[in-house]
Structure formats: structure tokens, C-alpha cells
Amino acid sequence: MRRNLAVLGVVGIAAVAAAVLGRDVRPVLIRMPFGVNQETGDHNYVLFNPFRDRSPEHAAAAYLDAMRSGNCTDAAKLSTDLVLPNALTCEEMQSEYRDHRSLFVQRLRDRRKEGSDVVLYYSDTGVGVEGNWVAVRQLGGDRAGWRVVGFNKIW
Numbered sequence: 078m079r080r081n082l083a084v085l086g087v088v089g090i091a092a093v094a095a096a097v098l099g100r101d102v103r104p105v106l107i108r109m110p111f112g113v114n115q116e117t118g119d120h121n122y123v124l125f126n127p128f129r130d131r132s133p134e135h136a137a138a139a140y141l142d143a144m145r146s147g148n149c150t151d152a153a154k155l156s157t158d159l160v161l162p163n164a165l166t167c168e169e170m171q172s173e174y175r176d177h178r179s180l181f182v183q184r185l186r187d188r189r190k191e192g193s194d195v196v197l198y199y200s201d202t203g204v205g206v207e208g209n210w211v212a213v214r215q216l217g218g219d220r221a222g223w224r225v226v227g228f229n230k231i232w
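Counting the sequence shown from 1 gives a position; the numbering used here is that position plus 77.
Derived from the structure by calculation, the hints contain no laboratory data.
Bear in mind the structure is a predicted one, so any value in this text is a computation, not a measurement.
It is possible that some hints are incorrect.
Result set (BS3-like, lysine-lysine): computed pairs, CA atoms no more than 25 Å apart in a straight line [said to hold, decoys possible]:
{"no.": "1", "residue 1": "Lys230", "residue 2": "Lys154"}
{"no.": "2", "residue 1": "Lys230", "residue 2": "Lys190"}
{"no.": "3", "residue 1": "Lys154", "residue 2": "Lys190"}
Work the whole structure out from these sequences, hints included.
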């Protein structure tokens with residue numbers, strides 16, 4: 078009997094926590110005050126809401142994967158009016174960074190909303206300044222997909 082009550086209590090607490098988190102539409106629940114990228118101000122340690130809408134992240138990941146594989150055609154299909162760093166074309170960037178393509182795909186560290194854009198910060202280090210920033214925007218209303226509208230890197 079006591080065991081059943083304990084299990085019921087744990088399930089109840091978990092249900093309440095899930096309901097609270099599910100209602101919270103913020104994609105980032107907590108930004109840790111340590112490990113801030115000194116050059117950009119982005120946080121290297123955040124607690125993401127497990128119930129967040131991940132469609133902006135999927136769009137950015139598909140773009141970064143296309144860049145990593147050197148597929149400029151797919152990268153162009155996933156972006157709109159994109160200006161790459163140093164005004165390079167995709168082909169020029171692929172040629173210049175041929176030996177560093179693995180740096181296009183890194184771990185998601187932070188996510189923030191800037192106007193109508195969602196800016197995602199990716200980095201494989203918790204202390205360095207190197208990383209990728211991808212801005213995505215949902216064009217044409219809620220039914221349309223997300224498109225990459227900004228990309229920058231430090232590496």
C-alpha cells in the first residue's frame with residue numbers, strides 16, 4: 078500500500094512537471110552564468126526545454142550538414158538571400174575551407190530570438206570562441222518551413 082502511494086506520488090509530480098514544462102514555450106529554460114563566450118556573449122551552457130519546437134534547429138542542421146558535405150546546391154535550397162562571411166560564394170567557401178568542413182557541424186549551445194529570426198549558436202568547445210551562428214526565419218506564415226537567412230562563423 079505504501080509502495081503504491083509512493084509510486085502514485087512520483088507519477089503525480091512527474092505529470093505536474095511535464096505539464097508546467099509543456100506549457101512553457103521558451104526554448105531555453107536556463108542560461109548558466111558561467112562559460113559565456115567572451116567575444117560574442119553567447120552562452121555555452123544552457124538548459125533547453127525538452128518540449129520546444131525543434132523545427133528551426135532541424136532547418137539549421139540540414140543547412141550545416143549540406144555545407145559540411147560540400148553540397149552547395151542543397152545549401153542554396155535551404156536558404157534565402159544568404160550572404161556568407163567575407164562575401165564568399167558557397168563554392169569559394171568550400172574551396173577555402175576544404176580541410177575544415179567538419180567544423181560546420183558542431184553541438185548546439187544556445188538559441189535566442191531576434192525579431193522574426195531564431196539565432197542558433199553551435200560550438201564544440203565550452204570555453205573557446207570558435208563556433209557557427211545560423212539565423213533561420215519562417216517565411217510565409219506558420220505553415221511554411223524554416224529557411225536559413227544568416228550564417229557566420231569563427232574558426
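Original post:
Which hint numbers doesn't this structure obey?
Top reply: Structure breaks no hint.
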